[in-house]
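*Asks:* As they're listed, the protein sequences go chains D and H. Take the position in the first sequence, starting the count at 1, then add 158; the result is the number in the working numbering. Take the position in the second sequence, starting the count at 1, then add 158; the result is the number in the working numbering.
The reader is advised that the hints may include incorrect statements.
One copy or any two copies: either way a pair holds, since identical chains are not told apart in the list.
What the hints assert, rightly or not - Restricting the straight-line Cα-Cα distance to at most 25 Å, the calculated cross-link-like pairs of lysine to any residue (SDA-like) are: (1) K424 x P202; (2) K424 x A445; (3) K424 x F258; (4) K424 x V458.
Honestly, the hints are just simulated from the structure, not real lab data. Predicted model only: the values in this text are computed from it and were never measured.
Number of protein chains: 2
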Amino acid sequence: MSQPLTQACADYFLDLQDRIVARLEELDGEARFLHDDWQRDPLPDEAVALAQPGPILGGGGRTRVLEGGRVFDKAGVNYSHVRGWFSEEFARTMPGEGRFFEALGVSLVLHPVNPYVPTVHMNVRRLSRGDYGWFGGGADLTPNYLFEEDAEHFHGVLGDACDRHAPIGDYARMKAWCDDYFTLPHRGEMRGVGGVFFDYLDSHPDETFAFVRDIGDAFLPAYVPIVERRRDTTWGEREEQWQALRRGRYVEFNLVHDRGTTFGLKTGGRTESILMSLPRVASWRYAHAPEPGSPEAAMVAALQPRAWRRG
Amino acid sequence: MSQPLTQACADYFLDLQDRIVARLEELDGEARFLHDDWQRDPLPDEAVALAQPGPILGGGGRTRVLEGGRVFDKAGVNYSHVRGWFSEEFARTMPGEGRFFEALGVSLVLHPVNPYVPTVHMNVRRLSRGDYGWFGGGADLTPNYLFEEDAEHFHGVLGDACDRHAPIGDYARMKAWCDDYFTLPHRGEMRGVGGVFFDYLDSHPDETFAFVRDIGDAFLPAYVPIVERRRDTTWGEREEQWQALRRGRYVEFNLVHDRGTTFGLKTGGRTESILMSLPRVASWRYAHAPEPGSPEAAMVAALQPRAWRRG
């Protein structure tokens, strides 16, 4: 990986993490993020590493986690910069040559207390394998109750960020990619109302990095106004149970399908940092189906690809 | 698959399901299992099926689920008998030739209300692919609090069933197989105190079927006395939170590692019947670690391979 680009990415990602953490603490008004910085042992040299049966990982990270806040029930905003050797099995699933890789980025998942405030995910990252490097990332919104203006706002802010970087930023393609990626095939539904997703952006690194920075910067303006709009809605037992069931689906997606989670667990990543994306509480009931005509049924009906951007 | 053996398996599995459901209802004393019988559309012929991109599944099942009981919070005891065509991708991971398969069996997971009563899983099944057929199955115990006599009892009853069918029943091998299989590598711990596990038992079908029947029949005597011993233990908030955290680990195992779950979801199985194994409530906290010297810490320390059989 080109050293100056890697350094520029690290500088940007660390600053982005700080800015997001500061704004979320202000928004919560009460809880503070726990700071958990971690460092792995130095890497063995290549000959030793490739003789191991499993993956080898070095590097470190800055994990920021908040639990039991006023607005956020569980929130993780992580930075990590790792390098190491893929296992042979995992290497087959990735582009590029060789088994040495490097990955750095910011990844966040926020699970609010209030069932009317949507869960959100955002990730921006730089990866390389041998001489081949690329950017990936995205953001998607997972409400428990459908408010069309929230989905429109979220897609609007992300779409504008894409447009500023056309043709690298391609909202139509990245929105469709998100619809396709954040889907639970065994449920026949998306995990939320989507957003944007992109991966393997391997050309024009400077321009692509500018696009990725704009997506990172778009996160707070895409999400915070939705929190402010919904955080004072009152709720009861019914909404709380529905939220827990929807969080069960979130867990299903992350553990069965999410490549970031798989990548982390299969490359020997730090389990607690990877699984900070899971909610504090999730629930499963047999064959639960919302009452026809209810707000819960309207939410489920909206978990299909749909044009959310206005204007 | 040999028709007389398949029919004999179906007869045994259906009767086993009925007997287990009846005994568990008696044990619960209050709740009744919901009966949900299901049937898939007839299979298309081979040429049509193999032209499809995904798996094709036909057949049916008898799902039995209980929720909100006095003893059991969530319990599923399922019978299914399915046949169909593997996807090409999945076919590569299985023994035998061709893409036509058939599978029948009983699978159960019980999540009790009382945190002192362990969760349990049992499965007995017959599979075939083309002309190649085999038996698989097993049972494992997942307590939240360690009682050595419970683990010893569970292993003792299953071990005796194995001994009656030596050399097909091989407790030492099947106990080690279980330790190995029911493990969360990313956590460095087993999901419980183990039991027995076996797969690909492809020779001496009549003798192996007799062994499998004995394992199925051993389930109630292996588990029910443990329920009766622990069900009246009083508990509070602390035990309930610990139970929810341990159930989070159960979810991690089932969704990330369990081949039965993967097999079901990837062959186009019935999602609600497959995921009945998930608990009603599961919880995740960042880097939660039990207090040193506590009963919770003693439980975690015991989640490693250990000789549980006495005498």
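*Asks:* Now tell me if each hint is right for this structure.
*Replies:* Each hint, compared with the structure:
| no. | hint | result |
| --- | --- | --- |
| 1 | K424 x P202 | within (18 Å within a copy, 37 Å between copies) |
| 2 | K424 x A445 | between (32 Å within a copy, 19 Å between copies) |
| 3 | K424 x F258 | within (14 Å within a copy, 31 Å between copies) |
| 4 | K424 x V458 | between (32 Å within a copy, 23 Å between copies) |
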